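Chain by chain, the residues run as shown.
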Amino acid sequence: MGTIAEAEKPVAVVAQPSRTALQNKQTQLAWLLMSPTIAVIIFVAAYPLGRTFYDSFTDASFGAAATHFIGWTNYYNLIHDTPFWNSVKETFKFTILTVVLEFVLGMIIALVVNSNFRGRGAMRAAMLVPWAIITVVNAQMWKLMYNDTYGVFNDFLQKIHVVSSPVAFTVSHPLASVVAIDVWKTTPFVALLLLAGLQVIPSDVYEAANVDGASKWQQYWRITLPLLVPAILVTLIFRTMDALRVFDVFYVLFGSRPDTETMAIYDYQNIVPFGLVGYGAAISVAIFIILGIVITIYIRSFRVEQS
Amino acid sequence: MTTNTVQAKPRSRLSAVNLGLGKNPLSRIGFWLLILLIIIYLLFPFYWAFRTSITPDNALYSVPVQYFPAHPTLKNYGDVFGNSNFLRALLNSAIVGVSVTVLSLVVGASAAYALARFNFRGRSFMTYLILSMTIFPQIAVLGALYQLIKNFGLYDSLVALVITYMLFTLPFTVWVLTSFFRQLPKELEEAAYVDGANPFQTFYKIMLPLAAPGMVTTGLLALIAAWNEFLYALSFEFSPDHFTVPLSINNFTSTVASSFAIPWGDIMAATVVVTVPLVVLVLVFQRRIISGLTAGAVKG
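Those protein sequence lines, which keep their order, are chains A and B.
Using the working numbering, you'd call the opening residue of the first sequence number 1 and step up by one each time.
Using the working numbering, you'd call the opening residue of the second sequence number 1001 and step up by one each time.
Chain A on its own, in the form it takes in the complex (with noise of 0.2 Å):
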């Protein structure tokens, strides 16, 4: 993965006479044109990143006139606090699911995709659709079908004779429709990641092996997924990250139901219905922190995996 050894790389542009007086310009002209990303950055992200680190100490929040510095109080009942560990707990279970579905159904159509047929642009102009679709949407879509007297998911099942009931799928399986949902939207997306990454690995190497009369199975597991754990690895990060930040599929389905709050879902009811600014943003650094955590183990297995 070289871009960022890329970017580390000198580009001399060209040489000209005093090459010092050329590299002073070319510094102040770099800061110059990176000024208005800078100021929005600041803007949005580290100034509101430090003001919740501020206000995590206090007991801000909107219809109090006053605020005041709490210490780690808040911090203290947050770890007292159940509902958020559960959301915790159930965001883990919903990230964990949908990762490993996701990756490894989106490892089955790349290698489908990948392989040479008729009709291959159309396959992978349809992967897209999914994708593209509104998230809030595309869980409209789902919770018509889950439906329990109308919805096309009993008819079919009662039909294929697999569950002689409706079964109400979002009351009594609510994890399992919801994980059903983002795994339907978001393999596509995991399947042209990993196929940009097949792609680019030489026809060659099969050919070799094809000589030395290797199987299908062991060149795949002998060649493909090795040249392909870079590729894997970021897919994986940003599928991660993306998880553990879920908050549409859940909140269109199920509302602030208590039971299937996720970490973000418990955050923003703090903060926005409840208006506690104060609390809210100590819950904003625990989920900062639990991204964190989970980022440096990934990137820990991708060294490890690298050297």
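Hints in this document: simulated from the structure, not taken from any laboratory.
Quick caveat: nothing in here was measured; it's all calculated off a predicted structure.
Where is the CB? At the ideal position from N, CA and C, for every residue including glycine.
Mixed in with the good hints, there may be bad ones.
Claimed, not checked - The calculated lysine-lysine pairs, modelled on PhoX-like cross-linking and capped at a C-alpha distance of 20 Å, are:
| hint | chain 1 | residue 1 | chain 2 | residue 2 |
| --- | --- | --- | --- | --- |
| 1 | B | 1205 | A | 25 |
| 2 | B | 1075 | A | 25 |
| 3 | B | 1205 | B | 1186 |
To be verified - Counterexamples of contact, computed for chain A against chain B with all Cβ distances above 10 Å:
| hint | residue |
| --- | --- |
| 4 | 57 |
| 5 | 89 |
| 6 | 92 |
| 7 | 97 |
Chain B: place on chain A using the hints.
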């Protein structure tokens, strides 16, 4: 191990693993069945939204379920296009989406050029910063942005969304455009310098027009991200006049849920209306989008 070589020559380097070209007819049938299964899986929910949108209400809530309506109707579409809140939401989403996209491109292109082509201290730091920003969790700054927006008097305004959406569109735009600028040949810049152009002119007159295809890709992805956004719209908008499409479609249910039935026909007609343009856009630009997505993600 950069994957961008894919875009340069996709055909010539196709790997030789061909699941479908076995000589055994049985395995070929199996392969095509697998493809059929994948296509049905990908497209069925969308077909179902479409069939619901053309099904009359009385057939919608009755059993057995009709897989294609016996008496298709366009009434739901009439309802949706007569719904001023929904039309307003379409307009709002278009305003927010286009503004965010244009702003991100204008602000982001120059930063991307600097990161791709200039050699200066702090460059790798900035590159890392932008990369890490692409996975920045929106929820982490929800409360602080909420306060900021209230303090600036922007609560319940579309401007609030245009500004806050930059949090996810801008870093992504810079990141993808940087990879596009890096692929442009250096000789062009050198020629411009030799002809006496200063670095700013070189960027503005030579490199920027050349990066136009990259800008289209990036712009599309930013537009789709903004079109999709729900959390900030839900938090920062209050009156139905300022709802975006996701809010409005979510609200179709909540307002009528107390009455006899959820207006599924209307919701699905609205779904089709907001999805079809996006699907068309995506299909027209599919190659670009795929290259942009893979440049944005896999190249990390």
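Status of the hints after comparison with the structure:
no.: 1; hint: B:1205 to A:25; verdict: holds, 19 Å
no.: 2; hint: B:1075 to A:25; verdict: violated, 65 Å
no.: 3; hint: B:1205 to B:1186; verdict: holds, 15 Å
no.: 4; hint: 57; verdict: holds, 13 Å
no.: 5; hint: 89; verdict: holds, 17 Å
no.: 6; hint: 92; verdict: holds, 15 Å
no.: 7; hint: 97; verdict: holds, 18 Å
Violation of the numbered hints given earlier is confined to hint 2; every other hint is satisfied by the structure.
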